[in-house]
Structures are given as structure tokens and as C-alpha cells.
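> Just need the whole structure built from these sequences, with the hints factored in.
Sequence order for the protein chains is A and B. Mapping of the first sequence onto this note's numbering: residues 1 to 345, in sequence order. Mapping of the second sequence onto this note's numbering: residues 1 to 512, in sequence order.
Rather than coming from a laboratory, the hints here were simulated on the basis of the structure. Only a predicted model underlies this, so the values are computations on that prediction, with no experimental measurement involved. Misleading hints may appear alongside valid ones.
When the alpha-carbon atoms are kept at most 35 Å apart in a straight line, the in silico DSBU-like pairs for lysine-lysine are as follows [claimed, not checked]:
id, chain 1, residue 1, chain 2, residue 2
1, A, K133, A, K97
2, A, K97, B, K267
3, B, K503, A, K97
4, B, K503, B, K267
So you can see what is in the structure, the chains are spelled out below.
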Amino acid sequence: MTDRPTLTATGLARRYGRDAGVHVVDLTLVPGQVTALLGPSGSGKSTLLRLIAGLEAPDAGEIRLGETVLSWPGQTVPPEHRGIGLMFQEHALFPHKTVLGNVTFGLSHLPRAEARDRALDLLRSLRLEDRAKAWPSTLSGGEQQRVALARALAREPAVLLMDEPFSGLDASLRAEVRDALTPALRAAGAAVLIVTHDAEDALAMADHLVLLDQGEVLQAGTPEACYLRPVSLAAARMLGPVEALPARVDGDAVATPLGRFAKPEGEATGWQLLVRPGDVRLADQGVAATVVARRFAGNVTDVTVVMIGPDGEHRLTVSHAGPVPAIGQPAFLALAPDRALVVPA
Amino acid sequence: MGLGAALVAILPLIGVVATALGDGQADIALSDLSRYALTSVALSAQVAVLTAVLGVTAAWLVVGHDFPGRRWLSWALALPLAAPAFALAYGYADLFDAAGDLRIWMRGTLGVDMPFEMRSLGGAGLILSLAFYPYVYLAMRAALLNQSSQAIEAARMLGASPARAFFQVALPMARPALAAGVALAVMETLADYGAVQFLGVQTLTTGVVRAWFVFGSVEAAARIALPLLAFAAVLMWIERMGRSGADHDSGRGRWRPLTLQPLPPVKAALATGFCLMLVGLGLVLPLGWMAHTMIDITPEWPRLIAAARHSVGLAVIAALVTVALAALLALGSTRHPLAARIASLGYATPGAVMAIGLLIPAAVLWRLVPGSVGGFGMGIALLIYAYAARLMAAAFEPIEAGLTRVTPSVVQASRMLGRSETGTAWAIQLPLARGALFTAALVVFVDVMKELPATLMLRPFNVDTLAVMADNYARDERLANAGWPTLLLVLLALPAVLWLTRKISTSRPGEP
Numbered sequence: 001m002t003d004r005p006t007l008t009a010t011g012l013a014r015r016y017g018r019d020a021g022v023h024v025v026d027l028t029l030v031p032g033q034v035t036a037l038l039g040p041s042g043s044g045k046s047t048l049l050r051l052i053a054g055l056e057a058p059d060a061g062e063i064r065l066g067e068t069v070l071s072w073p074g075q076t077v078p079p080e081h082r083g084i085g086l087m088f089q090e091h092a093l094f095p096h097k098t099v100l101g102n103v104t105f106g107l108s109h110l111p112r113a114e115a116r117d118r119a120l121d122l123l124r125s126l127r128l129e130d131r132a133k134a135w136p137s138t139l140s141g142g143e144q145q146r147v148a149l150a151r152a153l154a155r156e157p158a159v160l161l162m163d164e165p166f167s168g169l170d171a172s173l174r175a176e177v178r179d180a181l182t183p184a185l186r187a188a189g190a191a192v193l194i195v196t197h198d199a200e201d202a203l204a205m206a207d208h209l210v211l212l213d214q215g216e217v218l219q220a221g222t223p224e225a226c227y228l229r230p231v232s233l234a235a236a237r238m239l240g241p242v243e244a245l246p247a248r249v250d251g252d253a254v255a256t257p258l259g260r261f262a263k264p265e266g267e268a269t270g271w272q273l274l275v276r277p278g279d280v281r282l283a284d285q286g287v288a289a290t291v292v293a294r295r296f297a298g299n300v301t302d303v304t305v306v307m308i309g310p311d312g313e314h315r316l317t318v319s320h321a322g323p324v325p326a327i328g329q330p331a332f333l334a335l336a337p338d339r340a341l342v343v344p345a
Numbered sequence: 001m002g003l004g005a006a007l008v009a010i011l012p013l014i015g016v017v018a019t020a021l022g023d024g025q026a027d028i029a030l031s032d033l034s035r036y037a038l039t040s041v042a043l044s045a046q047v048a049v050l051t052a053v054l055g056v057t058a059a060w061l062v063v064g065h066d067f068p069g070r071r072w073l074s075w076a077l078a079l080p081l082a083a084p085a086f087a088l089a090y091g092y093a094d095l096f097d098a099a100g101d102l103r104i105w106m107r108g109t110l111g112v113d114m115p116f117e118m119r120s121l122g123g124a125g126l127i128l129s130l131a132f133y134p135y136v137y138l139a140m141r142a143a144l145l146n147q148s149s150q151a152i153e154a155a156r157m158l159g160a161s162p163a164r165a166f167f168q169v170a171l172p173m174a175r176p177a178l179a180a181g182v183a184l185a186v187m188e189t190l191a192d193y194g195a196v197q198f199l200g201v202q203t204l205t206t207g208v209v210r211a212w213f214v215f216g217s218v219e220a221a222a223r224i225a226l227p228l229l230a231f232a233a234v235l236m237w238i239e240r241m242g243r244s245g246a247d248h249d250s251g252r253g254r255w256r257p258l259t260l261q262p263l264p265p266v267k268a269a270l271a272t273g274f275c276l277m278l279v280g281l282g283l284v285l286p287l288g289w290m291a292h293t294m295i296d297i298t299p300e301w302p303r304l305i306a307a308a309r310h311s312v313g314l315a316v317i318a319a320l321v322t323v324a325l326a327a328l329l330a331l332g333s334t335r336h337p338l339a340a341r342i343a344s345l346g347y348a349t350p351g352a353v354m355a356i357g358l359l360i361p362a363a364v365l366w367r368l369v370p371g372s373v374g375g376f377g378m379g380i381a382l383l384i385y386a387y388a389a390r391l392m393a394a395a396f397e398p399i400e401a402g403l404t405r406v407t408p409s410v411v412q413a414s415r416m417l418g419r420s421e422t423g424t425a426w427a428i429q430l431p432l433a434r435g436a437l438f439t440a441a442l443v444v445f446v447d448v449m450k451e452l453p454a455t456l457m458l459r460p461f462n463v464d465t466l467a468v469m470a471d472n473y474a475r476d477e478r479l480a481n482a483g484w485p486t487l488l489l490v491l492l493a494l495p496a497v498l499w500l501t502r503k504i505s506t507s508r509p510g511e512p
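Listed below in C-alpha cells is the structure:
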């Protein structure tokens, strides 16, 4: 794989009338690495993608690919001259061209035969060689997906952007397609940016995760780091359900309804303890609580308990595998110190 | 009931075919017939090419680019629909008359003359194209707006320049709409009588009217009408094909408008200039010239006012009757899908042919119901019949679209709550589709206001509409006099056209 440039976006901002847009975002896309941009709808992730694609110009900041400046305030190198590939959410296959015609569309700078060979190679690597002459409308959702990927990869882009790549697929197909695409993406050697609102996709595919909300980056890091060491309640909520309990500073620790935990470094006006439902266990001993509701969910049971602490009543839902006390019965809660997420309130 | 409405549209056509193929006396030479047909084909070809170029360019500019005036030009470009083609013909023929001031000035000052005459095949092609390009513009505009911008953006991301993205992706994907728009423009060209007659271009339609008026022969007229019907059927088929192909891949997915391409100042000025030129040439210049020539003339007010009352009266009655029939057709269309197909044939049929088809049963009825009162009523009824038969399909379209937005479960709920099918139509479907009914009524109103050949052939004695009055003056080369009824007609039709074009230009895919 040849050396490919890194894409860096610094201080990027784009505002629409009253819409969110993005405010001052920094982002680095490294070749061979998959970055996932996770955020709810309206978080500005599509805007960021369109800015990098060159479909829109930023109001502030710049985008560089290696040493080349691609976008600067109010100006942008047109999309066809950026060397960046984009896979659209709805695939955007050209309905009037065959699969092969779609894949060779971006290869018009090559001699016809060479373009054809390269397209067929790519189709073969994605197990689509027998669909080369088919029309897009006759393909299944998963096949359209792979054609769109082949079309984007054919130009050997330095950067590949994927907009909600799995949103059109139903749940049973989703994981399968995702796991089939990942090796092809890594093999391409491009810097890949996946924009998604699905935490599971982001955690499963990303080397590097960026959490975006209301046009700002909440947290960036490896998926593990983001999951295990969230910086805020909002960042933690993006990666799964989480409940917040009050935490009071007590020396170099914090006291919470679930016990004392180490206080993180840094200053904050107040602290809180975040609890993911699977992290608290029902044990033989621990913090006493009363079961008030149970919901059977297959391999676990969601148990809602009420704890009485010095500062009032706290309600908490715990996902527990194994036998669960009946409603009205006492339960004992335990939270491992390495699972205690103490963040600024 | 729906089937009955469709029959209304098709009966006159059956009349024409039966008469043409019958063994009545008809002295028309084959050479005349082929000359008419060739002229019609040549004129249609010119209009097809020119409207396609003008309409596509305007639509692509307005939908994909940002330039001064884009917003209001996007609806103003459809305004020439308010003017009948004959109005443009009068204006241009007079403005560019060989003995007119402009040509004298050109020859004297510039030392050049116009390379061609307006009163020629080429001139007629140009004038009709300026009158009918909005059909292509509106169809292409809708198609380009409906296209998910993703396809064009995908092309750009794959290295295509804006021009290549347009010619290889946007235009091929909109080809069905282009075919449909051009088919409509050509249909109108074939149906036009007032403009070509005035410009001295002898098409099949002028032949039909001439055979009736000059030779008084229904049989001869019917025979000339036959190839016209065949052309019309082919065009209708093209238009239908275009419609059925139009929905490939466009509706699916997240719709987002095309990002407007900002244009550098010179190109932006050219874009604004091009759109202004189209509106200017299609409406402002010819009508402005007519207004300029007519101010010296005092109109015959009583005649003018009577004609205006006739025009508006006929247009309102025709709108009500046609919308009622089209609503029946639309309500029954799930049960009789063929009925709508049949009715659409009426739309492709030129008014002159429709009139011929009605003259045959009318002649019989006139003999059965003698007397001037009966005759007057009969004439009006026939005229309304002709309008309804011709425009039912045009009214059907918005009504059907309005009715499909009423979800089946709402209708079923009404039936489960004890309402009959008719009761449900009155209480649920029609009230929910009232916006569509109004749109349909306006479409019919505008078209009837502009209609000439059928009115000319079927109107009761002494009932002149504005279009007929203008045509009478124009025949006598009293163009300044023709200006008054023509401009009044446009002014009366303009509010409806404004309302329709504003509605079209603000509508978005997936919305009413």
C-alpha cells in the first residue's frame, strides 16, 4: 500500500439559519484507520461529512489532505478534484447504468479496458462478479451496498466517507454485512470515516470514535476508552443507556448511594456517578435496596430497585442474569470500582 | 359511473373514426392530405427540438444554480401558459411585418433584414415553441427537483465535472419527464388552430376546420382528422410511458434539494438573461406589442363585454362539469383502471377533431329538436361536452393525486361506521381532496378560455368568445382590434395561471 496522506480538519464551522450545523470541530483521519462519527440526528454529523466531501464550503476553519488545503472559509476544491470517495446513505446508484457502468463511472480517466478490468476485480473481491451486467433496481439491499462500496473504492480514494452505511438494512442482515465490509475497507488502505447514529455499528467497526452532539465533539478516542471512561453524562448516553446518581466529594473520594469511589483528577463544581444497567450486580451482600419492578428480557432480567440513602430515595434499573428476587423483596447491589463512572455533574 | 365518464370522452372519437371510414362523399385529394400531414410533422419536429432545448436549459438553470432572480423566475417561466399561441402569433407577425416600423428601421439603419418571415413554417415553429416551452420546463423542473440530489453528488464525488454530471446522470434520469413534456408540447402544436391559421401554415388541424367551414363536409373533415388522431394516440402513449418510468428510484430515500451551484457574475448574468429572455419572448414582448398597437383603437365595448361574459361563463360551466366527471372517474379508477386510460385519449385529441366527432350526432339531434331555443341550448351543451371530453384527463390528474393521499384505512373506517360508498365520497374523500378539485377546475378554466377551434365550430350562432372575437378580427387583418379581446383573455386567465404556477413552484416531493 502506497503512503497515503492524512486528512486534518481544524476549527471547522458551518452554520445554517437556525439549524445546528457544526461549531468549531477538529478531526483527523489516518490512512488505514476506521473513524466512526457517532451522533443523533441533527448533531451536525452529516454537515461535517458534506464539508469534508467538498459538497459545501465551511464558514471557518480549514481541511487539509496531507499538505494540500482542500477547504477554507467560503471556498472549497470541487468534489471531483479532491480524491475523496463518498458512499451515500441510500447508495445513490445510477438507475440507468448497469452495475459495471456504475463502478466504471469514476474511472473515465483510464482506458476503457483498464477501467473495466479494475471494476471487475473489485466486484470479484466483493463477490459481485456475476451481477456486473445487472441493473441496480434488481439488486438486493446488501448487493446495492457492496456495489456502492465498489464504485467508491474504484478511484482508490485517499479518504472514504460512508454516510449511515447500514441504515437501509434490516437488523438480521446488518451485522453480517458490516462484518463482510470491514476487511474490504481495511484492505483499501484509505482513511475511512463512518457517519452513523447507531452505537453498535460505531463500536464494532471503529478504531477511533468521535462523539458529536449539537455541532460539537463531546469526546474522541478508542471505542473502549469512550465506553469505559466517558467524560460526561451526554457522552456516556450516546453509547448506551446509563443512569446518573448523585456523588458528594469526601476527601479524595466521592460518596454515592452505591458506595465510595475514587474521585477523578481535575476540578468540577459537582460530580455524579454514572451506572450502566449491566455493570451493577445483584449480590449476597452490598447496598440494600427493594425490588419494585421486574421485566424479563431473555438472557437477563431488568430489575428496578429503590435505595434509601441519607439524601433521599434513588431508583435504579439493573440488568441481571440469573434468579431475581420477587417484587417487594430486598436485594443487595454491588458495583465494581473499575466500572464506576464518576464524571462532572 | 366512472366508466360512463370515460365514455363521454371517447364517444366523439368513435364518431370521427366511423365517419372517416364510412362511405360518405369526401372529395379530398391524397396529395392535399399528405401535404397537411407533412407540414404537421415538420412543425412538430421543430417544436419538439426547440421546446426541449429551451425548457431543459431553463429547468436546469433554475433547479441547480443560484443567480439573481432565480426565485421568482422559477414560477414566472411558466407564465406564458396564460397566453394562447395565437396571441403570440398576432404579436410577432405584426412586430416583424415586412412593412412594419421595425423592419423598415432595420433595413434603413442596419442595412440588414430578417433572415426569415414569421408567416412561414419556421416562424410558426419558433412562435409555438415560445408558447409551449413551459410544458417541457415544468416537467423537467419537477423531475430534476424530485431526483434525489444524491445521484448528482455521487457523480461529482466520482470525479465528474458539473457538465458531465448533468449530461450523464441528471438528464438521462429525467429522460421520461423530458419525453412527457415534449409530447405535451407537440400535442398542443398539433391541436393549435389560431396561430398556424393566422401564419398561413396549413396543418392537419387547419385542414379539418377548413373542410368543415369551406366545403361543409363532415366526411372530409373526419378523414383529415384520422391521421391527426393517430399522431395523438402515439404522443399519448409516449407521455404515458414517460409517466410510468418517471418514478424509478426518484422517490426512495432521504430527499434533499440540490445544492445550488453559485455562478460567477458573468455566468449568473447570462442565466438571468436567458430566463428573462424566455419570459420576455414568450409573453411580455408579443403582448406588450399588441397592447402598444391597440391603445389607438377604441374597442367595440358591448361586443367585447359580451364576449368576455361568454368566455368566462363557458369556462366556469366547463370547469364545473369537467371536474365533476373527472372526480367520478378518479373515484372509480381503482375499480376501472382502464377508464382513466380511455379518458386520457380525449386529452390528446385536438379540439377541432373533437368538434367534428360531435357534429355528426348534433346534426341528427338538431333535426329532431328544431327551433332556435332548442338549438341554442344544444349548441352550448355540445360545446361544454367538447371541453369536458378534451380536458377530463387534465382534470383527472390532480384529482387522482389528491384522492390517493386519502389513505384507504380512512375510507374503510367511514364504511365501517355505516356510510355508503357515495356517502363516503361526499363526506370524506371529496372534502379531503378539495384543494385538488380547485386546482383541476383552474386548469380547465384556463384551457377553455384559450380554446379556439372547437368553440369556432360548435358555438351557437352569435355566441362569440374572446378567442373567437380575436380570431375574427385577425382574419380581417385588423390586428389592433384583435389586441383588445386577446389581452382581456390573458388578463382573465392570468390570476388562475399565477395561482397554478405558484403552487407548482412551492410544492416539494412528498407534499401536496
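> So which hints don't hold here, by number, going up?
none
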